[in-house]
Amino acid sequence: MNALLLTVLTLSVLGGILAVILYFVAQRFKVEEDPRIDDVEKMLPGANCGGCGFAGCRSMAEALVKRDDISTLYCPVAGGKTMVDIAGYLGKTTQEKGPQVATMLCGGTCQKRPKVNHYDGAKSCAVVNTLYVGESACAFGCLGYGDCVASCQFGAITMNPETGLVEIDPDKCTACGACVKACPKALIELRKKWPKNRAIYVACRSKSRGAVVMKACKAGCIGCGKCEKACPFGAITIDNNLAYIDPEKCKLCRKCVNECPTGAIHIANMEPLPKEPKPSAEKAEQKA
Amino acid sequence: MRTFPIGGIHPSDNKKWSKDMAIEVMELPDEVAIPMIQHIGAPAIPIVAKGDKVLTGQLIAQASGFVSANIHSPISGTVKAVDIFPNGQGLHRQMIVITREGDEWVESIDRSKELKRECSLTPAEIIAKIKDAGVVGMGGATFPTHVKLSIPDGQKAEILIINGVECEPYLTSDYRTMLERGEELLTGVEILMRALRVERAVIGVENNKPDAVAHLRELIAKGNYRGIEVMALKTRYPQGGEKQLIAAITGRQVAPPPALPISVGAVVCNASTSVAVYEAVQKNKPLIERVVTITGKDIAHPSNYLLRFGVSFKSLIAKAGGLPEGDVKVLNGGPMMGRSVVAIDAPIIKGCSGVTIISGAEAERGKEQACIKCAKCVSVCPMGLEPYLLAKLARKQLWDRAEEHNTIDCIECGCCSYTCPSSLPLLDYIRIGKQTVMGNIRARAIKK
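Heads up: the protein sequence lines correspond to chains A and B, in order. If you count by our numbering, then the first sequence holds residues 1 to 288, one letter each, in order. If you count by our numbering, then the second sequence holds residues 289 to 736, one letter each, in order.
Take every hint as true, because none was put in to throw you off.
With a cut-off of at most 27 Å between alpha-carbon atoms, the simulated BS3-like pairs for lysine-lysine come out as follows:
#1 A:Lys-218 <-> B:Lys-602
#2 B:Lys-338 <-> A:Lys-207
#3 A:Lys-193 <-> A:Lys-255
#4 A:Lys-123 <-> B:Lys-664
#5 B:Lys-735 <-> A:Lys-185
#6 B:Lys-338 <-> A:Lys-215
#7 B:Lys-680 <-> A:Lys-185
#8 A:Lys-255 <-> A:Lys-112
#9 B:Lys-736 <-> A:Lys-181
#10 A:Lys-181 <-> B:Lys-735
#11 B:Lys-684 <-> A:Lys-181
#12 B:Lys-655 <-> A:Lys-123
#13 B:Lys-735 <-> A:Lys-66
#14 B:Lys-680 <-> A:Lys-181
#15 A:Lys-185 <-> B:Lys-684
Taking CB as the label site, the calculated pair distances span:
#16 B:Gly-511 <-> A:Ala-186: 52 to 60 Å
#17 B:Val-313 <-> A:Asp-246: 51 to 59 Å
#18 A:Pro-232 <-> B:Arg-627: 44 to 52 Å
#19 A:Gly-225 <-> B:Asp-398: 49 to 57 Å
#20 A:Lys-215 <-> B:Glu-613: 20 to 28 Å
#21 B:Ala-416 <-> A:Ala-230: 52 to 60 Å
#22 A:Asp-246 <-> B:Ala-330: 28 to 36 Å
#23 A:Lys-115 <-> B:Ile-333: 33 to 41 Å
For the record, the hints were derived by calculation from the structure and aren't laboratory data. Remember, it's a predicted structure, so these values are computed and weren't measured experimentally. Even glycine gets a Cβ: it sits at the ideal position worked out from N, Cα and C.
Using the sequences and the accompanying hints, generate a full structural model.
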């Protein structure tokens with residue numbers, strides 16, 4: 001009985017003494033940290049995806065608190081609204097950036113872009129890219145081994161086995177940009193996110209001449225320039241045999257879509273304009 | 289018998305199909321495409337334009353920078369285009385396309401067959417001639433030869449090593465060159481020794497080519513070539529690797545990169561390069577043709593052809609009897625180091641020592657299974673690396689750790705992938721690790 005009591009007493013006294021020592025040590029070596037870092041961290045989404053360029057949300061919060069100019073810092077997952085809120089909380093200023101979404105710029109499906117060889121090496125786009133052009137004859141198209149699928153932490157990218165291309169779910173995409181870095185062909189671009197996930201973009205990145213593109217893929221941009229002429233807002237530019245729609249200038253008027261001879265301009269969640277718009281003829285008929 | 293100290297494999301050499309076929313001269317192509325990158329280093333810059341008339345051996349593209357090489361027209365005719373075309377891997381490269389009209393050579397080139405042994409040029413003059421002729425290492429790495437011969441200040445070459453190993457299975461172009469052009473080769477070695485100011489040269493040949501060893505020894509004795517010896521080496525892949533060959537012949541180990549073979553006093557040149565050097569220096573002939581082996585189990589007429597650069601893989605394959613039926617793998621090079629060719633319309637260039645056609649089940653890789661940690665890859669790695677680990681680190685994108693484990697020392701010989709019982713694509717992953725780490729190192733150097 002004595003032995004038991006002695007043990008309990010000894011440990012209790014020891015614990016008490018150590019607690020006092022620890023208290024003073026903790027006081028002596030206390031690290032002063034800005035409490036706002038915790039608050040800012042709570043305002044961030046906590047996905048720790050690295051989309052901002054920092055190791056995680058905590059490092060981003062530290063940077064936001066410590067830096068004077070935070071206009072270059074941006075959390076793509078939280079979006080511009082949250083950034084403005086954070087800036088307001090910290091008494092700093094930043095501009096609201098519109099939401100973005102990752103878009104895959106290749107429309108070369110298995111049907112439109114036939115395979116000309118068979119690859120049985122390591123199933124990774126990065127590996128294929130070090131070895132050769134890929135299974136199709138297009139040197140710019142999607143390789144289809146899903147490095148971007150593996151890189152996405154939000155499950156927004158899936159491989160469609162029918163088309164052999166990846167599909168990005170705009171509702172799940174947070175525009176963190178991990179897939180943009182993962183794609184060795186630089187096929188994924190962060191573009192402006194429209195309401196209802198509407199979009200118009202040139203689904204091709206081939207800088208080859210038209211004849212070369214046609215040979216490799218039936219869905220590629222041949223750089224004919226018809227869309228450039230059709231665009232009333234000057235949003236489309238042709239560079240190196242490739243059309244590009246500037247998402248900031250595009251107003252989703254869809255005039256370019258029907259002009260494209262190869263169907264390289266994709267539209268999402270919108271109806272295309274009627275195929276052969278002859279408003280004058282139709283009106284004349286109606287009048288008659 | 290000597291060989292390199294660690295690792296290595298001994299695959300079936302499969303040289304039997306083409307080794308007894310004497311070098312045939314392939315008829316001139318009607319059209320050639322000449323890529324501006326046929327060597328390691330900066331691409332050459334075209335100095336001809338569409339519509340220009342060119343002669344055989346005329347300079348058509350100028351080296352840009354020190355590590356680069358001149359490119360000459362392999363045929364005479366008219367420049368049809370200077371544009372971007374796919375190469376053997378389907379990658380887009382700038383090329384000059386020339387349509388042939390006759391075969392008129394540049395006048396200064398000596399086309400006579402007789403051997404010209406006397407050379408009284410200074411080392412600097414020899415190197416300048418080699419540079420002008422656009423000679424590059426013809427074993428496959430295509431490192432510009434004039435750069436190799438320009439010894440940095442403070443270092444001295446002691447020994448010239450000629451690589452007649454041809455450890456790559458299937459290929460026989462160096463072997464045929466040693467047998468049929470032995471005297472030119474030996475004169476080339478003499479010139480290289482003169483350029484490097486060395487007294488000793490060793491030609492390393494694997495002992496699966498005893499007739500080449502005997503033939504060269506006989507020529508050396510007959511022609512009184514001083515300081516040149518032929519060393520028979522135990523057959524083992526990758527003996528033709530620069531560092532492996534130096535270790536096999538001299539017993540010295542070259543330190544990890546950025547150390548070069550010259551740090552142990554050795555300079556290594558390929559046997560075919562030596563013939564090219566002879567032609568460049570003694571005959572003023574630029575590098576416009578080479579011996580290429582076309583071989584494979586199911587090929588009707590495997591052989592060795594002397595062909596002009598720019599000939600398409602397709603026409604060489606047609607010459608050898610066409611592709612066998614079914615799925616085949618066309619390799620630019622041999623089965624170990626060779627790269628698959630996906631566009632057979634693409635041209636054959638300076639680094640191509642052979643075209644190997646692998647058909648049937650052999651063309652397919654085994655089914656990938658989990659690593660069983662048997663360490664076979666570790667025991668065969670000639671650089672003493674841990675391939676399974678490097679592949680895993682590259683797969684997980686842990687570049688810093690890959691760097692710590694010396695991934696850049698990898699010589700991409702493929703012994704690990706060859707030996708892996710789980711058929712893991714080890715080299716595929718190591719290669720991306722190596723490229724990324726080298727990129728990181730360069731980026732750090734620029735920052736500094």
